[in-house]
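Please construct the entire structure, taking both the sequences and the accompanying hints into account.
Sequence lines, in order, name chains A and B.
Using our numbering, the letters of the first sequence correspond one by one to residues 1 to 114.
Using our numbering, the letters of the second sequence correspond one by one to residues 1 to 111.
Source of the hints: derived by calculation from the structure; they are not laboratory data.
Some clues are possibly wrong.
Pulled from the structure, derived: some chain A residues nowhere near chain B, Cβ distances all over 10 Å [stated by the list, open to error]: (1) L13; (2) K14; (3) M27; (4) N65; (5) S67; (6) R77; (7) S94; (8) Q101; (9) S112.
Between beta-carbon pairs, the in silico distance windows are [said to hold, decoys possible]: (10) A:A82 - B:Q45: 43 to 51 Å; (11) B:G61 - A:S67: 26 to 34 Å; (12) A:T7 - B:Q108: 29 to 37 Å; (13) A:E79 - B:T5: 29 to 37 Å; (14) B:G9 - A:S67: 18 to 26 Å; (15) A:G53 - B:N59: 32 to 40 Å; (16) A:L69 - B:G41: 23 to 31 Å; (17) B:S79 - A:N65: 42 to 50 Å; (18) A:T15 - B:Y39: 31 to 39 Å.
All C-beta atoms, glycine included, are put in the ideal place defined by N, C-alpha and C.
Chain by chain, the residues:
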Amino acid sequence: NAGVTQTPKFQVLKTGQSMTLQCAQDMNHNSMYWYRQDPGMGLRLIYYSASEGTTDKGEVPNGYNVSRLNKREFSLRLESAAPSQTSVYFCASSEAGGAHQPQHFGDGTRLSIL
Amino acid sequence: GNSVTQMEGPVTLSEEAFLTINCTYTATGYPSLFWYVQYPGEGLQLLLKATKADDKGSNKGFEATYRKETTSFHLEKGSVQVSDSAVYFCALDYNTDKLIFGTGTRLQVFP
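In structure tokens form, the structure reads like this:
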């Protein structure tokens, strides 16, 4: 019963390096999300994908790109990492249908940019 | 705009004490309201939800009532356990399949 799987769990990068965070879900959900979690700020939406082949910006998209590879997978890429992107990143998924659907979260990727 | 405000933590309680974590919201229309819980080292899990005014969500002894007149969705539990220690997030969904989260409230329960 995997649910939402994120890789890697931890990563340390140097400023300017690039990296892709991977996310996969096995619940046949249409919608997928990437959040970042910072102390005192809760979770903020970076990007989301309402269905395969579509993506849209969230609250804090600058410095990130995403790719909805297929229905299962939704990756987040940092092209040139900056210290301000040090955070814990969470992927989530939910059923289609708009309102009222709870989101299911992965265990997170803890990313440090030096 | 739409937003969620939670009481700041940490909330520190002894086992079997009564818990209240306050949550108020600002939203146009009629959002759905959620409480999520995050245990150490894990992602968020849905704890309970309510989709319309006066609905009461409940799970694992926790309850919250959707109060439109006070725009509130306070989380309560009659008798907390050490295992309830976690961070609790209030969130709203304003009918667009996207959640807006509060900043989270850390609960620490001591034996």
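Item to complete: Quick one: which hint numbers does this structure break? Sort them smallest to largest.
Response: 7, 8, 10, 11 and 14
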